[in-house]
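Peer 1: Put chain B with the ligands on the given structure of chain A with help from the hints.
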Amino acid sequence: MSRARALAASLPEELHLLPYVAAYEWRKATAFRAGFVLNALLRGVPRPVVMTLVYLAMFRSTGAAEIRGYTFVDLVHFLVWTAAIQKCIPDWRSLDLAEQIFDGYVTKYLVMPVSYFTLLWGRFLQFTAVQLLAAAAFWCAGALVLHSWWPQPVSAVALAQAATLLALGTGCYLLTYFILNCLAFWLDVVWSLLNMFMFVAAFMSGMLVPVALMPRAVRGVLEVTFPYWTVNAPVELLLGRLGPADFRFGLAVLATSFVALHGLAFVTWRRGLRRYAGVGT
Amino acid sequence: MSIHPSILECRSVGKVYSAQVRGAGTLGILRGFVRRQVREHVALANIDLAVAPGEIVGLIGANGAGKTTLVKCLTGIIPASSGRCELFGHDAFALTRADKRRLSLVMGQRSQLWWDIPAIDSFRLLREIYQVDAARFERRVREQAERLDVTDRLQVQLRQLSLGERMKMEIIGAFLHDPEVVFLDEPTIGLDLLSQETIRTFLREVNRERRTTVILTSHDMADIEETCDRLVILEAGRILFDGDLVGLRRRFVGRRAVEVHLEANSRPWSAELDGELERFGAVLVREAPRALTFEVDAEHCQPFIQHLFDLFQVRDLAVERQPLENLIREIFRTGELVEAS
Ligand SMILES: Nc1ncnc2c1ncn2[C@@H]1O[C@H](COP(=O)(O)OP(=O)(O)O)[C@@H](O)[C@H]1O
Ligand SMILES: [Mg+2]
Chain A
0 MSRARALAAS LPEELHLLPY VAAYEWRKAT AFRAGFVLNA LLRGVPRPVV MTLVYLAMFR
60 STGAAEIRGY TFVDLVHFLV WTAAIQKCIP DWRSLDLAEQ IFDGYVTKYL VMPVSYFTLL
120 WGRFLQFTAV QLLAAAAFWC AGALVLHSWW PQPVSAVALA QAATLLALGT GCYLLTYFIL
180 NCLAFWLDVV WSLLNMFMFV AAFMSGMLVP VALMPRAVRG VLEVTFPYWT VNAPVELLLG
240 RLGPADFRFG LAVLATSFVA LHGLAFVTWR RGLRRYAGVG T
Chain B
0 MSIHPSILEC RSVGKVYSAQ VRGAGTLGIL RGFVRRQVRE HVALANIDLA VAPGEIVGLI
60 GANGAGKTTL VKCLTGIIPA SSGRCELFGH DAFALTRADK RRLSLVMGQR SQLWWDIPAI
120 DSFRLLREIY QVDAARFERR VREQAERLDV TDRLQVQLRQ LSLGERMKME IIGAFLHDPE
180 VVFLDEPTIG LDLLSQETIR TFLREVNRER RTTVILTSHD MADIEETCDR LVILEAGRIL
240 FDGDLVGLRR RFVGRRAVEV HLEANSRPWS AELDGELERF GAVLVREAPR ALTFEVDAEH
300 CQPFIQHLFD LFQVRDLAVE RQPLENLIRE IFRTGELVEA S
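Just so you know, the sequences run in chain order A and B.
Its first residue numbered 0, the first sequence is counted upward by one per residue in numbering that gives the first Met the number 0.
Its first residue numbered 0, the second sequence is counted upward by one per residue in numbering that gives the first Met the number 0.
So here's chain A without its partners, still in its complex pose (with noise of 0.2 angstroms):
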């Protein structure tokens, strides 16, 4: 209980820090300029134009007009956007925990005053805005270029409907790499565990096959979790497949697991640090 009170009281000041710490991260991400703008650009665009071509391949050689509802345009409309919405969504090596527990960097940070995740949150609303800058740009690119053709959200709601599950799915999605990254504490095959779950999310989410073409037991497991409300029901409410009542049962599914994977993340933190070493120091 005290040290709920503790958590409590230092809030205020943890919260006068993120800013900083996104400026911090900022300066960082832009040390190393072209790479930063690559980087930037290049997120989340190959899958959708591989894809594209799969699914070319798939309606050429069936010749069927439609796969469950969806035309080939649909189907691109919606790689377009989970090709924006992936550009929001921190990846592996959006977080270098793993290798700060490995090296022992993670150390200077035990000593200060301040909670490690103030600098996990700091990081993450950096990642979140400049990528969100990005998704905009690519979104306006295309737009531009292929005017009408280009997808649309269908209402402004549906817009604002998307982007704030995106920015709760987002978060669980940090607090899961963080999760995994922990693990390092105890093992050292934390990459590949990473690695799995990177494939495994792109498949849940949505980002290899829209889940409304997976078998119906797949999709009724996968609707309760978090990937699937973090990209492939936002792009589904910008497409008008989706509703208000959607909406709301996606909103519960995200809170829930955002407090429960906050809650793990602290505890696996907690855990790890009894067994830290600091190895190489």
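These are computed hints drawn from the structure, not numbers from a lab.
One or more hints might be untrue.
Cβ pair distances, simulated, as ranges [unchecked claim]: (1) A:L132 / B:R158: 22 to 30 angstroms; (2) A:A30 / B:A61: 37 to 45 angstroms; (3) B:R210 / A:G34: 44 to 52 angstroms; (4) A:Y108 / B:E277: 31 to 39 angstroms; (5) B:R203 / A:R92: 41 to 49 angstroms; (6) A:R273 / B:D228: 42 to 50 angstroms; (7) B:Q130 / A:F116: 30 to 38 angstroms; (8) B:A61 / A:A259: 46 to 54 angstroms; (9) A:A254 / B:E208: 48 to 56 angstroms.
According to the in silico footprint, chain B covers these stretches of chain A (three or more CB under 8 angstroms from chain B) [stated by the list, open to error]: (10) 105-115; (11) 247-260; (12) 271-277.
Predicted model, so just to flag it, every value in this text is computed and none were measured.
Note that beta-carbon positions come from the ideal geometry of N, C-alpha and C, so glycine has one too.
Peer 2: Here is chain B with the ligands on its own, set in the frame of chain A:
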């Protein structure tokens, strides 16, 4: 004297690391899969230590003696396996945010600043984290950078600085929030002599001006000898000696080894020269054809060397401090172990 005179205290502190042992080669690795072999390593055993505010303590020991481990236990980075470590009267592994504001840690082999940005930007972030008043911050950075002679390097990305410059930045960062205790773990490792000297002078001055408690570890006796008032010698995880450096300095530490190499036409060493040594309190410790090693008190070193040039045709001459091993051997020999005192 207050009731709690110590700012930090260790009572029977022990630390045991357990590490998985892997056999050599593929077979060894496979065997490790089947049966995990864990070896326990005692890094610290039964450490008792108390440091009063304003002290400047040198913690010395060979590589692997447990210096870093002790610093980590004292700063709350790792928990002690047994005994109790206290900092500011609280369990060191459960320091509050307020406690953390009162301490600082510099690690010679790990940067505390951020690698990708200039030092001044790191300092600004530290200013927010430690909530240092803006005017005081500016003044302190300027002052300390001048003292350490790195004013023109503040804007350079940390990774582009030399090792010595980087370490000076680390030290500026560590003192920004005016901590009550500063731990420095081998801060002079790998630095050139001039940088080492600058850093030692800086530490002494800050300790004197602000009464900052300084715990300095090193495996180089020169660091401790020139900086500290009190010496703690760690050997294989135990405290071998803990005491005043002043007394020790006279007897062991302040001795210099002078090695002279003689020209072919120089007079050789002979017993009748013994009297010449006595005047300086020097002793001949090693004699080889055309190479002599003497031991002499540091304060008599200079006139003694001058006299050597009068006595011999000197080709080459080297003056060295007593290495740590000699000191430890000497302490063992004279029975001045901490248990005895
Ligand atoms: N994380 C660790 N796991 C296992 N053994 C360790 C670990 N860290 C240090 N040691 C061992 O503990 C001993 C003391 O290490 P350390 O405190 O780093 O010594 P020093 O700083 O005096 O060189 C060494 O023998 C070292 O090998
Ligand atoms: Mg060490």
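Peer 1: If a hint holds in the structure, say so; if it doesn't, say that too.
Peer 2: For each hint, the structure was consulted:
1. A hinted range of 22 to 30 angstroms for the beta carbons of A:L132 and B:R158 is consistent with their spacing of about 27 angstroms.
2. Separated by about 39 angstroms at the C-beta atoms, A:A30 and B:A61 satisfy the suggested range of 37 to 45 angstroms.
3. Restraint check, B:R210 to A:G34: a C-beta distance of roughly 47 angstroms satisfies the suggested window 44 to 52 angstroms.
4. For A:Y108 and B:E277, the Cβ-Cβ distance of about 59 angstroms falls outside the hinted range of 31 to 39 angstroms, so the restraint is violated.
5. Against the hinted window of 41 to 49 angstroms, the Cβ-Cβ separation of B:R203 and A:R92 comes to about 45 angstroms, which satisfies the hint.
6. At about 35 angstroms, the CB distance of A:R273 to B:D228 disagrees with the hint of 42 to 50 angstroms.
7. In this structure the hint that B:Q130 and A:F116 lie 30 to 38 angstroms apart at CB is violated, the actual value being about 18 angstroms.
8. In this structure the hint that B:A61 and A:A259 lie 46 to 54 angstroms apart at CB holds, the actual value being about 49 angstroms.
9. A hinted range of 48 to 56 angstroms holds for the C-beta pair A:A254 and B:E208, which are about 54 angstroms apart.
10. Counting residues of the segment 105-115 of chain A whose beta carbon lies closer than 8 angstroms to any beta carbon of chain B gives 7, which reaches the threshold of three, so the coverage claim holds.
11. Coverage of the segment 247-260 of chain A by chain B is violated. Counting CB-CB distances below 8 angstroms, 0 residues qualify, and the rule asks for three or more.
12. Check on the segment 271-277 of chain A: 4 of its residues sit with their Cβ under 8 angstroms from a Cβ of chain B, so the three-residue criterion for coverage holds.
Hints 4, 6, 7, 11, counting from the list given before, are not met by this structure.
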